[in-house]
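Colleague: Protein sequences, first through last, are from chains H and F. Read in this note's numbering, the first sequence has 452 at position 452, and its numbers run on one by one without any break. Here this note's numbering runs 1000 ahead of the position in the second sequence, where the first position is 1.
Worth flagging that the hints you see were computed from the coordinates, not collected in a lab. Each hint should be verified, as a subset may be incorrect.
DSS-like cross-link-like pairs, simulated, lysine-lysine; straight-line CA separation at most 25 Å [unchecked claim]:
#	chain 1	residue 1	chain 2	residue 2
1	F	Lys1005	H	Lys91
2	F	Lys1188	H	Lys56
3	H	Lys258	F	Lys1132
4	H	Lys257	H	Lys3
5	H	Lys320	F	Lys1194
6	H	Lys19	F	Lys1070
7	H	Lys257	H	Lys56
8	H	Lys257	F	Lys1194
9	H	Lys8	H	Lys416
10	F	Lys1033	H	Lys320
11	F	Lys1033	H	Lys8
12	F	Lys1005	F	Lys1070
13	F	Lys1070	H	Lys251
14	H	Lys251	F	Lys1195
15	H	Lys3	F	Lys1159
16	F	Lys1005	H	Lys8
17	F	Lys1194	H	Lys416
18	F	Lys1195	H	Lys56
19	F	Lys1005	H	Lys263
20	H	Lys19	F	Lys1148
Non-contacting residues of chain H with respect to chain F, defined by C-beta distances greater than 12 Å in every case (computed) [claimed, not checked]:
#	residue
21	Asp20
22	Asp28
23	Lys85
24	Asp236
25	Gly433
26	Gly438
All C-beta atoms in this analysis are idealised placements derived from N, C-alpha and C, irrespective of residue type, glycine included.
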Amino acid sequence: MAKTLFDKIWDSHVVTGIKDGPAVLYIDRHLIHEVTSPQAFAGLDKRGIRVFRPEKTVATPDHNVPTVNQHLTIQDLLSRTQVDKLTENTKRHGVQLYGLNSPNQGIVHVIGPELGFTQPGMTIVCGDSHTSTHGAFGCVAFGIGTSEVEMVLATQCVLQQKPRKMRITIDGTLGKGVTAKDIILYIISNISASGGTGYFIEYAGSAIRRLSMEGRMTICNMSIEMGARGGLISPDDTTFNYVKGREFAPKGAEWDKKLAYWKTLVSDPDAVFDQELRYDAADIEPMITYGTNPGMGVGITGSIPALSDIPETNRLTFEKAMHYMGFENGTAMLGKPVDFVFVGSCTNGRIEDLREFAAFVKGKKKSPRVTAWIVPGSRQVEKQALNEGIDKMLAEAGFELRQPGCSACLAMNDDKIPEGKYAVSTSNRNFEGRQGPGARTLLASPLTAAAAAVTGRITDPRDFL
Amino acid sequence: MSVDKFTTLTSACVPLPIENVDTDQIIPARFLKATTRDGFGENLFRDWRYDKENKPKSDFVLNNPTYSGKILVAGRNFGSGSSREHAAWAIFDHGFRVVISSFFADIFKNNALNNGLLPVQVSGSFLAAILKAVGSDPASKLEVNLEKQEVTILSTGQKEGFDINIYKKTCLLNGYDDIDYLLSIREKIVEFEKKI
């Protein structure tokens, strides 16, 4: 029977099924961080058991860490306790940790691919919803809760109901100044923040094929923002070239064997999806969000919908969002003032994102009204940026490169956007208070963030290209 | 180890007719710094519930003494966003045992079930009927019967069935835990590993 790429990976990892219940799914790779793992380790201790397959898990602190002075002791006592706990738990259970001063530390979803820990055909989980990022390599990767983290530590398996399958095809050529981030914000604005719930999404089409691994990761990363369990892209030469030579990547004869298998990771031509959507890349313009969920987005030259355009049952929620954002219905996005710019996160904190931002601001100056936080996704990204002179390009334009971590994406550390301020962010969520209590987030690409950073207003980056 | 058993619950409910209630609202990230599962209820809906000076906001339903009970009734797409299980812990810790909505986010649903918190998905029209009943009498009670998979609005007699995975239903009715089950099949897992 014809199978989708998702079916092929899922089916080959089912240990056993429970009658009328979920499947027992074997997990190839497990990533953990300081926030969602301590209670799972405590659970193991309570049961008196050890981590079952410690070599299949890697750990790094990212959610809670400061993005300045990382060589010093973490000042926030609770954050420090969580990071210390991760160190202690991983040491006790023989799990590889890339700690704060390791050259491999960074956001879990940035370091997994960088280390070659993420490989095509794998099942990958992490106690973080943006685990869907790894789907860019042709993986079944999804976020789990802490009870499930405990299951994986204890048995290398989780219990999961098989999701339905959706394929989203984007053919055609992207316009100038339109990036992977705009593709995914466009899709979410079309199908809403819950339009993918219950599905695993395969992204296909010529516009997806032409994307770099960084771009593909940005797309898969935000699958969860439409409620999908995850998203994946069939691996190709772009994928194989990225993985080859990385620390955990197969070597020699093992590489050849794996490569032959990876080349089979495509949806069969006659495979059936539960839902299929198609978009034309040429219809997409740089995107920006105006509301308090990632589905509330428009093209940058567009306007916030008028109240009359909103279905009656959604009006209460819409008006609440408008009140929180301090925006009027029906107004244009261009020209609205911007106070903060955040470039970083597992969505857009990779080297390509920093390159795009730096190339844009080169020869320009940061607007005096804007505070900008440029945060690399990992130590390796930071090192590469220094090697390429990106830090100097940024400094000349009035920007400073910080140290790696999740930072202002969820504002667990000190990087909080103040109440009432507007932040153009390259991260993934514009929920109320996500970037700090009362903070107002507008999600966009690194290019659109760069345009806002130099003008202090929402600006179409294409005006400068 | 086990979760609390759940069979039937009859209770008044707390209405929160907002759509897309994400887990950042249920428990903001800055309150995720604990290393145990306890005490998250204190910060449930923190920024909706308290102002900057940590004074309760009188217009938020959890601060309104008119409404009480162990059932939270929320708008469509409840629990979207972050996978933080702390959201389920916070709701449970506050005293809720059931959340009713017309649509749940996937990860939240799993997290809730793993903690003995029952997510009950009803139709949009039944959700509206519940909200109407609570609107006209805040003390009106609902009966949630897991065995029969049925919710009843006691004041009007209206009832609707709900779906739940049979495995998960058995777990909740008996207080079983997924990890106990997985540990019991470790040999099968080891056999599986030999094939890969």
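Colleague: Run every hint past the structure and note whether it holds.
Modeller: These are the hints, each one checked on the structure:
At roughly 36 Å between alpha-carbon atoms, Lys1005(F) and Lys91(H) are farther apart than 25 Å, so this suggested pair is violated. In summary, the hint linking Lys1188(F) to Lys56(H) is supported, as the alpha carbons are separated by about 18 Å, within the 25 Å threshold. Straight-line distance between C-alpha atoms of Lys258(H) and Lys1132(F) comes to about 59 Å, which puts the hinted pair past the 25 Å bound. Under the criterion of a C-alpha separation no larger than 25 Å, the hint pairing Lys257(H) with Lys3(H) is consistent with the structure, at around 22 Å.
Distance hint between Lys320(H) and Lys1194(F) is unfulfilled; the C-alpha atoms sit about 55 Å from each other, more than 25 Å. Between Lys19(H) and Lys1070(F), the direct Cα distance comes to roughly 31 Å. Violation of the 25 Å bound is thereby established for this hinted pair. Of the supplied pair hints, the one linking Lys257(H) and Lys56(H) holds, its CA atoms being roughly 20 Å apart against a limit of 25 Å. For the proposed pair Lys257(H) and Lys1194(F), the alpha carbon gap of about 17 Å is at most 25 Å, so the pair holds.
Proposed proximity of Lys8(H) and Lys416(H) is contradicted: the alpha carbons are some 42 Å apart, above 25 Å. This hinted pair does not check out: Lys1033(F) and Lys320(H) have alpha carbons roughly 29 Å apart, beyond 25 Å. Between the alpha carbons of Lys1033(F) and Lys8(H) the distance comes to roughly 38 Å, so the proposed pair goes past 25 Å and is violated. In summary, the hint linking Lys1005(F) to Lys1070(F) is supported, as the alpha carbons are separated by about 15 Å, within the 25 Å threshold.
At most 25 Å may separate the alpha-carbon atoms for a hinted pair to count; Lys1070(F) and Lys251(H) exceed this at roughly 56 Å. Between Lys251(H) and Lys1195(F), the direct Cα distance comes to roughly 21 Å. Compliance with the 25 Å bound is thereby established for this hinted pair. A distance of roughly 40 Å separates the Cα atoms of Lys3(H) and Lys1159(F); the hinted pair therefore is violated under the 25 Å criterion. At roughly 37 Å between alpha-carbon atoms, Lys1005(F) and Lys8(H) are farther apart than 25 Å, so this suggested pair is violated.
Under the criterion of a C-alpha separation no larger than 25 Å, the hint pairing Lys1194(F) with Lys416(H) is inconsistent with the structure, at around 48 Å. Using a Cα cut-off of 25 Å, the hinted pair Lys1195(F) and Lys56(H) holds, with the two alpha carbons roughly 17 Å apart. With a CA separation close to 48 Å, the supplied pair Lys1005(F) and Lys263(H) exceeds the 25 Å bound. For the hint linking Lys19(H) to Lys1148(F), the alpha-carbon distance of about 20 Å falls within 25 Å, and the restraint holds.
Look at Asp20(H): its CB is around 4 Å from the nearest CB on chain F, not clear of 12 Å, so calling it non-interface is violated. The beta carbon of Asp28(H) sits about 8 Å from the closest Cβ of chain F, which is not more than 12 Å, so the claim that it is off the interface is violated. Against chain F, the non-interface label of Lys85(H) is violated: not every CB pair exceeds 12 Å, the least being about 5 Å. At roughly 24 Å from the closest C-beta of chain F, the C-beta of Asp236(H) stays outside 12 Å, upholding its exclusion from the interface.
At roughly 5 Å, the least C-beta separation between Gly433(H) and chain F is not larger than 12 Å, which violates its mark as non-interface. The claim that Gly438(H) lies off the interface is violated: its Cβ sits roughly 8 Å from the closest Cβ of chain F, which falls inside the 12 Å cut-off.
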